[in-house]
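These protein sequences, in sequence, are chains X and H.
Heads up, the final residue of the first sequence is numbered 364 in this note's numbering, and it's a clean run with no missing numbers.
Heads up, the final residue of the second sequence is numbered 1361 in this note's numbering, and it's a clean run with no missing numbers.
These are computed hints drawn from the structure, not numbers from a lab.
Every residue, glycine too, gets a C-beta built ideally from N, C-alpha and C.
Do not take every clue at face value.
Where chain H lies over chain X, by a calculated footprint (3+ residues, C-beta under 8 angstroms) [what the hints assert, rightly or not]: (1) 184-191; (2) 204-218; (3) 331-342.
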Amino acid sequence: MSLLEVTDLRVSFPTADGVVQAVRGVSFSVENGRTLGIVGESGSGKTVLTQTLLGLTPGGEVEGKAVFDGTDLLSLRPDQLRRIRGAEIAVIFQDPLTSLHPLYKVGWQIVEMIRSHDRSVSKKQATERAVELLGRVGIPSPRQRVHDYPHQFSGGMRQRAMIAMALSLSPKLIIADEPTTALDATVQAQILDLLLRLQQESDTALIMITHDLGVIADIADDVLVMYAGKAAERASKHDIFYQPHHPYTKGLLESIPHSSAAGDRLRPITGQPPSLIRLPSGCAFHPRCAYVMDRCLTEQPRLAPVGDGDSHISACWLPVLATGLAPETEELRRQAVAQGRHAAAAKIAEAIAERPESEGSVIA
Amino acid sequence: MSDTLRDAASPAPLEAAMEDDVLVRVDNLVKHFPVRGGGIIRRTVGQVQAVDGVSLVVRRGQTLGLVGETGSGKSTLARCVAGLIPVTSGKVTFEGRDITNLSRRAMRPFRREIQMIFQDPYGSLNPRRRVGAIIGDPFAVHKTASGAARKKAVQELMERVGLNPEHFNRFPAEFSGGQRQRIGVARALALRPKLIICDEPVSALDVSIQAQVLNLLADLQSDFGLSYLFIAHDLEVVRHVSNNVSVMYLGRIAESGPKNQVYDTARHPYTVALLSAAPAADPDAAAQRRRIILTGDVPSPINPPSGCRFHPRCPKAQELCSQQEPALEVKPGDPAMHQTACHFPVQAGETLARVAGRERR
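The following block holds chain X by itself, in its conformation from the complex (with noise of 0.2 angstroms):
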């Protein structure tokens, strides 16, 4: 059984506009020792999905279960969750300039963080846990380091200490949510490096949330593919980058600037991602899509197999078979789109011809 099973996860959030739906239904599981990826653009629900889990989306309504380790997160009193929280399921934060406090110690945030859930624990043997973990972390001599304010640290080192504070209860998982965005590309690398090595000496699962399709090709080995709050695509990493089969997985990927490729025309997706208050008939995603066909305007597609495994899911009424970039695969997506598509459709694809790269307007 897998430590986190989440099944048809649903979280919307009324407001004075509408209701947000942020999250609307997602499935999927980590395994202890793996790396799960969830890349999406801004607003597609990969935060609140996860925040979700933790109950830190307050004011969300929320449908579906997380199965975590044989208890179900959803149902939990607070005060139990808050037993998890922290020990059993830890989170690393985007900005770690903003999520330590700057008027107390670090060492003294890891040892509340340590004691809070074990009150048999001393203070000193906290701090001596705490500098041991900064050592961990590689923070150079951690033993005063343990005594500085999070100002006296570099952003790499804050993000290290965020790291030391999430492995001090020794969690089965660990959630990072951008945890490299604020950062250089070599302390980057540092960071990212650590976590692997960190997860391997420990078994421990890893939820690795970023937009970064980069730092998916280094450390995920699954990734699910988000857009509008529902899963668009899901697989091992070496089928989403080599073998995709969603056209925005497919469109994520080519409008990335490669090195092979320097100087020449970037393909980026046509139209800005959808309001989640007001979302398009049918597949969210086909107002964007240059391989739109009727059904998709009227019909949401569901997750089914793609390809030629099991692991690998995907959310499109394109042919089954039709996974990868090379142009057989482009033969047999245009074939499909040309006999599905109609009126409606023709009008659509139409205007994203003529207008690949605009936005379109934010209020229609």
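Fit chain H to the known structure of chain X by using the hints.
For chain H alone, coordinates are given in the frame of chain X:
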């Protein structure tokens, strides 16, 4: 030190022939910020050496990419070139005319030629003003168009950068990040400048939107013959847009040259490390790559290391590196445009010591 740098920057015979296409020349530019003590007198107790002897050239119709990490001084350099802050010493010439530390009045005609696009599309637009007014500001400031003519010009600009001209009366909050960056581009474009300084113009955008904005910048460059000084920390983006690339480290240029030279045959250990650290969206390449993990952080520019500023983190550092500042010069075997500031440049096929080859499951 400064002499050697100046020598390195002086035009080689090959460059002299192309002097005509030089739009901007930066010569040995230095920008120090005073650090003041806490007392009443606020005595200067130190200097932040943000930019310390940088020379570079932006050619007409071309893009110079400037790469470096936080604190390397690339934004300070950009602000000096744009004349937004006074420089401590050195020279900035625009089309052969010295524009260093000009008075506001004398600088004014040059402000029309040099424009800037900022990183944060949220912070760089006044939220209380309408988009039409924001884009029309340059016309008002330089008194080049008013009334109906200004509105028409603004709407043409909006159309040109891919915004709906009917959205003239909207506020920035009604636009997405990518669209706001287009507003910033339209404003920069208003006076038909020759040089646009782009300071991390796409870092805050999602990849699909980033590609749209990069394509727009490329189109504008070929339509209007613009030159860009393009600052970014994303190496793939810089490689995509640039003709030439300069790598900055702690206020100095570590390496510069045509982009393929710098990317494919990097000579400075810092460039090599930076390139190896950049995440590539290709799992097979990522698994094969041998990443050089630099130890420690970028030192403080208030008290930079002696000699080569990279030496405390450099896997190749030797005695000499801590004593003598290496000059930015062409290394044996490299073409005339490819300059490196290193005593022991990386040779072809060399693997740097202390390489962390990562074990994969």
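- Against the earlier hints, flag every one the structure doesn't satisfy and list their numbers going up. 3
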